[in-house]
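Going line by line, the protein sequences match chains A and B.
Going by the numbering used here, the residue at position 224 of the first sequence is 224; the numbering climbs one at a time, nothing skipped.
Going by the numbering used here, the residue at position 725 of the second sequence is 725; the numbering climbs one at a time, nothing skipped.
Keep in mind that the hints are not guaranteed to be accurate.
To be verified - Negatives, chain B to chain A, calculated, CB over 10 angstroms: (1) PHE132; (2) ALA576; (3) LEU673.
Said to hold, decoys possible - Simulated restraints, written as ranges between beta carbons of each label pair: (4) A/ARG153 - B/SER783: 56 to 62 angstroms; (5) A/GLY187 - B/GLU826: 30 to 36 angstroms; (6) B/PHE399 - A/GLY152: 45 to 51 angstroms; (7) A/PHE61 - B/PHE399: 25 to 31 angstroms; (8) A/PHE61 - B/PHE132: 33 to 39 angstroms; (9) A/GLY187 - B/LEU28: 38 to 44 angstroms.
Stated by the list, open to error - Covered stretches of chain B (chain A as the covering partner; in silico rule of three or more C-beta atoms under 8 angstroms from a C-beta of chain A): (10) 39-47; (11) 61-70; (12) 418-432; (13) 793-806.
Derived from the structure by calculation, the hints contain no laboratory data.
If you're wondering where the values come from, they're calculated on a predicted model, not measured in any experiment.
Just so it is clear, CB atoms sit at the ideal spot from N, CA and C, and this is done for glycine as well.
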Amino acid sequence: MNEERPLTQNIRSGQPPPDLAEYRRLGGYTALQKALRQSTPDDVLREVTASGLRGRGGAGFPTGQKWSFVPRGPNAPRLKYLVVNADEMEPGTFKDRLLLEGDPHQLIEGIIIGAFAIGANTSYIFLRAEYTYAFDLLSRALSEARTQGLLGRNILGSGFDLEVHLHGSAGRYICGEETALLNGLEGRRAIPRAKPPFPQGSGLWGRPTVVNNVETLCNVPHIVNRGAAWFRGLSLSEDGGTKIFGVSGRVKRPGAWELPLGTPAREILQEHAGGMRDGYGFRALLPGGASTEFLLDEHLDVPLDFGSLQKVGSRLGTGTMVVLDDHTCPVGMLRNLEHFFAQESCGWCTPCRDGLPWVERLLASIEAGEGQTQDLEILALHTGFLGPGKTFCALAPGAMEPLQSGLRYFRADFEHHIDEQRCPWR
Amino acid sequence: MTVTRIDIDGRSCEVTSGQNLLHACLSLGFDLPYFCWHPALGSVGACRQCAVKQFHDPADTRGRIVMACMTPAVDGMRVSIADPEARAFRAGVIEWLMTNHPHDCPVCEEGGECHLQDMTVMTGHIYRRYRFKKRTFRNQYLGPFLTHEMNRCIACYRCVRFYRDYAGGRDFNVFATHRNVYFGRHEDGVLESEFSGNLAEVCPTGVFDDKTLSASYNRKWDLRAAPSVCVHCGLGCNTTTNERSGHLRRILNRYHAAVNGYFLCDRGRFGYGFVNTERRVRRPRRGTAPVAAQEALRYVAERLGSGGVLGIGSPRASLEANFALRALVGPEHFHHGVSTADYRLMSLLLRILRTGAAPAACLRDAERSDAVLVLGEDVSNTAPRLALSLRQSVRGRSFEIADTLKIPRWQDEAVRNAGEAQRSPLFMATPSATRLDDAAARTFRAAPDDLARLGFAIAHQIDSTSPAVTDLASDLVPLAHEIATTLRTARRPLVVTGTGCGSTAILEAAANVAWALRRMGVAVALCPVVPECNSLGLAVMEGRPLPEAFAAVERGEVDTLIVLENDLFRRAGRPAVESCFKKVGHLVVIDHLLTETARAAEVLLPAATFAEADGTLVSNEGRAQRFFQVLVPEGEVRQSWRWLRDLTEAIGRPPEAPWRRLDDLTAACARALPALSAITAAAPPASYRVRGSKIRREPHRMSGRTAIHADRSIREPPPPQDPDTPFTFSMEGYYGPLPSALIPFFRVPSWNSVQSLNRFQEEIAGPLRGGDPGVRLIEPTSSAPPEYFGEIPPAFVTRPHESLFVPIQEIFGSEELSALAPAVAERVPEPYLVLGPEDAARLRAKDNGTVEVTLPGIACRLQVRVREDFPAGTAGFLTGLPETAAPPLPAWGTIEVRHE
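Extracted from the complex, chain A is given alone in its bound form (with noise of 0.2 angstroms):
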């Protein structure tokens, strides 16, 4: 097995990130230099395609064939832009901040190499309000890329322009959706918008536009210097590469680790997490931030790629896990993960809008205490209303991803809430 891990291989626990001269000195800016001199926009994107990366913001889509479908050729629009989605604001989801934070010179050579390859001359990061530190640190690597001549017009001679912009987000969930975003980047209200047609043909202003998560761009360059073999060499699971896992709850070591794509969950909870804390026993876990489904015991085995985990009924999403211990009501769980989706509902469409407080409510009455037996139908419908189509965008299916497990994984502490009205656990 690959023991590599390119992503972090940079980043050092509670040092500050390499500056630019310590990038290129730990090899840093090779792959630009090989895509810029020695490739087309066509090799990278074959390249990149053949890796069989996918995205790392939740959804999973291929990373080239989304690539592909940006207009190019002579007749194709002038203005075209590559997106960053840096706006990290799944529940329990910290991996994007790890690399940013950790070493924001490979995302900015992973951005360089994306927008060459699509011919994008203008690039924006779109990065979450609350990431003051990584803003800073960005801004700095930004300077000195430019200074170095790595931005602006001509870059290394190649004859291809790239400005990078950066974009604080004034911070809301639904940012991170990425029409949404492009609506927020271009000053409007961040609803998202309808698909088709897509960011690809219509996006930022009306023009092509790729929109790619941090992590995502930050694979490009190794792929770019190693090769698509080299990466698909990675993963233990058809999808290449390794994946940032992270785990939170009640565990020993909460943390992120690059790891393998297709590492089961068990050996991350127990060899990386250290397992529970002592006294806490685990029930259940969201593999990859709060709109996923949950996994129990029995799932835990199931290689963490994107393919496998559909086979039970959930979503690797962004790799970074919640965990339910059996001190924790998970109706309560559930109230607090609600909450937090029916605030952050844009306000767009009606079965989000509305729907979502009412599930809110109807969790908190039942953890309170007053929930009445017809309350688990009502959950149940909004969980199917609430599903993918019926709303304008991913969020309420998201949102209801763990409600519609919870229920089912945890009808008993439903039906005691309901019964004997009240907390069991308090």
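Fit chain B to the given chain A structure using the hints.
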């Protein structure tokens, strides 16, 4: 657009390929509920109410839920509205909306015509399961036109999409997020957009309602209704009038595909209040004393028998009323009651239209133009609904971009995103900044003569055989070139001009541009803006100019002067009018308002307003349209034409065929004036019946019929008879499919709101069934364009001690009738004078300071408004206000600063 077949619940249906399923289903007459979609605003997929089931292929039994408004119809597709899951989901959407919607229908003014009520009933949601608190909001004061009750909001986003995206307003928005989304202004205040009133119809429930109706509220089912035509500008927007207990209660938009579509301006919607004011003339008077009608008629008839008689007609009176006057006094004694300038301008405009070289554009044509030149007209103030259409025209470019990206044109937000900042060209050449400028590709400010010169130069650039402007300022050469090139390469260019500047040269220049394009084989249309609701109709009806009437009076040739629905102090200088009134033997005025002219009358006959009368008006595009009364004239109020008919008979000169009812008069007018021969076809005659019945003006649920007069008599009076129209004044009669000109109100079973309009159209957003109402009187001919106009005015030269006063208008204030409506009156500004910064500096006049103005025949004090790009050497004089009614502009005058 190709036609394709799709399967809806097992029924094979013909639909337009690529059209969205909601549009298709509604066009086919299916009941499918919706909120956020609006035929003029397109689809955005926000409310999720129009969910249907779409099946993948014939074998698919599960299908998936899709939003009809966001799903294009493709050949052979199979969908279901009746599918149980789709039905349950649609009921679920209503259930969600109802979690916050107050159950205040009994006290909500939308009740009975509420789209949300209709859709709730349609989905079958009846039982409330949500047991938590509703969210509540604070409401805002939004000005005199609209009420605001945010708790009722179902967040369909229509209001903000109409106000901002469609109408270009900026002071209204959606705030906050999740279930707290709030639609309003950033703070309490008057809504700035002159289209704000449409929110009352755009809102599917009772968040925004008509405040003027609210002041004396009645339910839709308790309101008598009639089809009418707006009298507050020359565009001829179709309206519905609503009446109860003898009061006009509100104006609604009456859809006309070629004219106003779905929207009105606020002047048209809220200007009706003059009908109910104390300023109305209700009884005949002789001097200051009331007299009986017969007595008044006898007295006037005696005067008419002896001595010279002159008649002065009116551009705010119907063709029939004007024709009756013309017939009474004789064509050679009939005068147009308009200013000298307007007489000249309207005659010229009519001549230009009659050449047939460029067709007069309707508003739909304007909306579909791909390049527009506005020459010398502040359309936002003189013909507001046209400004709204021009604002849509600039979207043409984004539709083309959307086409290339295969984005359906109805997918509104996507089209707007794809066409970001790219617009079809609109060029605004006006003396003053306008509210349409933000949509323009380029704006140009100049004195009227310089605007005309730009027009002539553009025409010359298009066709070099048209007269050249020899000494055009060098900075204007590239502009003229740009505009010429743009118009010439357009497929459907439009030239908008009008009488607003008071300049014949501007009209001639605009005509030259249109004719030059025509000569180059370009399908250009001309959109003339005229000042009043029947300006063009009066122009068609030949008559003499007003000064000739004054001159005849001065010469002592006139014993009796009859003034029809006109305040001559708005038409000519005060000395001329006063002298005329003094010299004339007998002044007879027929009007519905106690104007200054009416006050001067020896005999005053109370006329009916548009709401109490029937008649024909000719709009700016030459469309003759019939309006029908909704009010029964009370007491001694009579329609003008009836007073005139009675006078004609009283002097023993009955017309060849007696005018028993309006149709007789309309027919006589059509016979006498070949140019008006088509007006009888503007609407079906009074004898029109459906299955032997007249059409009812009152809905079948009208209440209080026996109680409404009970304070006066407990006997139920017989309903008034209406010999002039095919309508009854009661709830007896037919209501169902009707000729498009005769639809009193829009309602069908289970669709009680204005959204029921869907059932009256051939296709959604298409013509009304049976074709749009009205008849165009001036159609283009195939003849070659006529000789170009060749009199190019010299360039404007400033004068050291004088300013050129040019007329400017305000939507609220410059029109006589609407300014008397209490709601509109709140929006009428104090009279003011506009100066450019150089002139203000030269005169040492400050913004908001006071100046004294001296013009030929007028001297007044005005407040100054300094506008950045107002042309140097000119001063903008706000016309039409009572204080500043009628100076003949443009004219030179002086300005002096008052130092307090």
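Do the hints match the structure? See the list:
1. PHE132: Its Cβ does come within 10 angstroms of chain A, the nearest being 4 angstroms, so this is violated.
2. ALA576: Non-interface label on B/ALA576 holds, nearest chain A Cβ at 57 angstroms vs cutoff 10 angstroms.
3. LEU673: Given that every Cβ of chain A is farther than 10 angstroms from that of B/LEU673, nearest at about 53 angstroms, it holds.
4. A/ARG153 - B/SER783: 56 to 62 angstroms: holds (60 angstroms)
5. A/GLY187 - B/GLU826: 30 to 36 angstroms: With Cβ atoms ~34 angstroms apart, the hint holds.
6. B/PHE399 - A/GLY152: 45 to 51 angstroms: violated (37 angstroms)
7. A/PHE61 - B/PHE399: 25 to 31 angstroms: holds (30 angstroms)
8. A/PHE61 - B/PHE132: 33 to 39 angstroms: holds (38 angstroms)
9. A/GLY187 - B/LEU28: 38 to 44 angstroms: holds (41 angstroms)
10. 39-47: holds (count 4)
11. 61-70: holds (count 4)
12. 418-432: holds (count 5)
13. 793-806: violated (count 0)
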